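Let the hints inform the model, and build the full structure from the sequences given.
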Amino acid sequence: MSPTELDLLCVKPAMTLRDALMRMEQVSRGILLVLDNAGKLARTLTDGDLRRAILKGASDSTLLGALPVSSPITASEEADAADVLRLMDAHQIDHLPVIDAAAKPVDVIFRRELSQRIWLSSPHLGDEETAFVEEAFKTNWIAPLGPHVNAFETELASHV
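Per this note's numbering, the very first residue in the sequence shown carries number 1; after that it's consecutive.
Take these hints with a grain of salt, some might be off.
To be verified - As a list, the in silico BS3-like pairs of lysine-lysine whose alpha-carbon atoms are at most 30 Å apart:
1. Lys104 / Lys40
2. Lys40 / Lys56
3. Lys138 / Lys12
Note that these hints are calculated values from the structure, not bench results.
No experiment lies behind these values; they were computed from the predicted model shown.
Okay, here's the thing in C-alpha cells:
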C-alpha cells in the first residue's frame, strides 16, 4: 500500500460520521484507521461499524470519538502471511492493520490481496540444503539450457 493510500485511510476522532462515510466511499477499501493525537492507531472503523452506529441512533454529525471503544486487531511488521491469515481467520476479519513498535499504522493487509503479495523470509538452509546448492553451482547444474533443465521439466510435468 502506498503512503498516500495509507494516509487516506487514516482519520481523527473529531471526524463526523458523514465525513467518515464520504472518506470510506472515496477510498473504497471498507475500512478507516482512527488515530489518536500522537498518530497511534486507536481503532479501526469498518463499513459495518458505521452501519451499526447509524442503526443504534448515531447521526451524521456524531463524532467518531463518540462511538463505542473498540480495541483494534493488528499485526506487527514482522508478521508473515501465515500469521496474518491466522489472525484474520480467528477474528473473522478481512482487513488487518500493520503497526510499528510505536503503534503507528504502516500498512493494511486485505484478505483479497494476500495471494497477490510476495512474502519474503530468510531462507532456512541446513547442511544438506547447502551441499545441494554448492553442488548445483560447481557442476553447472543450474544452466539455463541443457539436459538437466529438460530432465527437470519432464519430472515436474509428471507431477502436474
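Going through the hints against the structure:
no.: 1; hint: Lys104 / Lys40; verdict: holds (4 Å)
no.: 2; hint: Lys40 / Lys56; verdict: holds (27 Å)
no.: 3; hint: Lys138 / Lys12; verdict: violated (59 Å)
Violated hint for the displayed structure: number 3, the only one.
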